[in-house]
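> Starting from the given sequences, assemble the full structure and let the hints guide the process.
In order, the protein sequences belong to chains V and E.
FYI, the numbering for the first sequence is 1 to 283, going by my numbering.
FYI, the numbering for the second sequence is 1001 to 1289, going by my numbering.
Heads up, a few of these hints could be off.
As the list claims (entries may be wrong) - Computed cross-link-like contacts, PhoX-like style, restricted to lysine-lysine with a CA-CA straight-line distance of at most 25 Å:
1) E:Lys1030 <-> E:Lys1074
2) V:Lys232 <-> E:Lys1260
3) V:Lys253 <-> E:Lys1247
Everything labelled a hint here was simulated from the structure, so no lab data went into it.
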Amino acid sequence: MQIVIASGKGGTGKTTVASNLAFVLSQKQSITLCDCDVEEPNQEIFFPCDFKVQRVHVEVPLILEEQCVHCGSCGEFCRFGALTVLKDRVLFFPQLCHSCDGCFRVCPTDALKKQQIDVGELLLCNPSDTLSLIIGRLKEGDTRTTAVIRAVRDMIHTVPLVILDSPPGTACPFIETVDAVDLCVLVTESTPFGLHDLSVAVDVLSLLCIRSVVVINRSDGNDKIIEEYCSKHQLPILMRIPFDFKLLCAQNKGLLISQEDSDWFERFSLLGDQILTYSTGAL
Amino acid sequence: MIQVAVVSGKGGTGKTVLTASCGCLLPGEKVLIDADVDAANLALLLDPHSLSTEAFRGMDVAVINPDICTGCGKCAQACVFDAVIRVGDVCTIVPYRCEGCVTCTLVCPEGAIHMKSRITGMIHYGTTRAGPLIYGSLIPGSGNSGLLVHRLRQEAGKRHPDSPLTIIDGPPGIGCPLISTITGIQIAVIVTEPSKSAQHDLLRLITLCRSFKIRMFLVVNRFDISSQITDELMVTAEEMNISVIGKIPYDPEVVAATRKGIPVIETKGKASEAMHKVITRLTEEIKMF
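Quick look at the structure:
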């Protein structure tokens, strides 16, 4: 069972919901929490521990000049502009390479060899006996966000329950994270920005046939715009997190409110129960 | 011509609210670009009068002709993006996974695959009280946001080649769309807030901006939420030799103004007041640049 916490808009509280949910659920069962916001991962702040670091790499071409006849086939083939063939040499721009493997297939003289380059790393640890954490971290300056997200998801083995903290946005990194999950929890806020970005995320999730539920964060009771949208699109609102100074302070300091405060433990436990009911299709 | 991007690393720190206010207050002629194409919100605050919308074509997508496909599965084996699935006895492409690399067309023994151009987003152009605004939107299920950002910036240059100032509302993160946003700009205004998460994200963003040799200015939003972390941010800024051009207090008026769809500087309150000061300071910095 894989449940993703997403939002479209940044800063709505994905990480707050994902970390607290993972904490309360891990009191009852074994779970894995994955931080797929690999450009700006933050789960390590909420679950500090000794991480095992594993490199994430992709395969790109290395040009063997002595075998290359500068025929231009690879440069002509590459749709991403990563290879430019000059009269006497080949220029390779690794940041543009998508590792599609095509250039190796078109080279008539076997002048391309595979080389591995680092695009980021995985941080692995077990904050408790029942909780394991997989964090992806993109190397600064690299653009291959999806390769790191794929590496995070490839690390998930046969765990009964997985929570994925999604990156913001609705393009490639979001799609890589939500593809084929069982349920998506969309965290939003009652502003025109929140509504707009929620609707964009819902459009993508519908296309991918992924069931979604909604959590309204920083609610001041004035949630009409989100309620109307959810009712029109048959999206259940599972929780309203009020604007609460205590929660904000805990979050800012990198603490888990459900660990600090029994009231919040109860609230997130209730959310966890509801999410599990929805994700198993019982509702 | 000076290009300024408002960026943050972490999402939701107040980039769009600050960008809209900069658009309204910075003097002189300017062009605005919303480069957060995944979740473009600047238009919601500046309410543009739409002048044109055109289709944006990203990478081509592979299409398999089911009448020719024999279902041999060679394309599925070759596709590193897992974009090919078998339905019955033919193969078919999952468009949202296809990156348009063309490798499948190489390996198909029947010649059953061809590439098709696809519209992956839209480019919108309009006028606002702050100046012309160019923003993008993605068709649901499309990627290529970095490419679209590149196109938006090209479009801005084409339509307003003599504009002395371009203000870009940046995307969160430090990946492809962000790199596309900051390539070739001169100034980055980084909006952060006093939280451990924002602090962590800020350091990664600074490393990246530094490698692009971009002049950075820092704005601490909602600084009074945690004076301790704000102090830490000030120390970091000093150590890294980055000027802090202002601190904006938490003010419920910001959400109220956003709900009304107006930039906060057009309302009264302590956040609005602080933001006026930030922009006055930024005006001076741009002048001196």
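> If a hint holds in the structure, say so; if it doesn't, say that too.
Hints and how they fare:
Using a Cα cut-off of 25 Å, the hinted pair E:Lys1030 and E:Lys1074 is violated, with the two alpha carbons roughly 53 Å apart. Distance hint between V:Lys232 and E:Lys1260 is fulfilled; the C-alpha atoms sit about 22 Å from each other, no more than 25 Å. For the given pair, V:Lys253 sits about 19 Å from E:Lys1247 by alpha-carbon distance, which is consistent with the 25 Å threshold.
Consistency note: the structure conflicts with earlier hint 1 alone.
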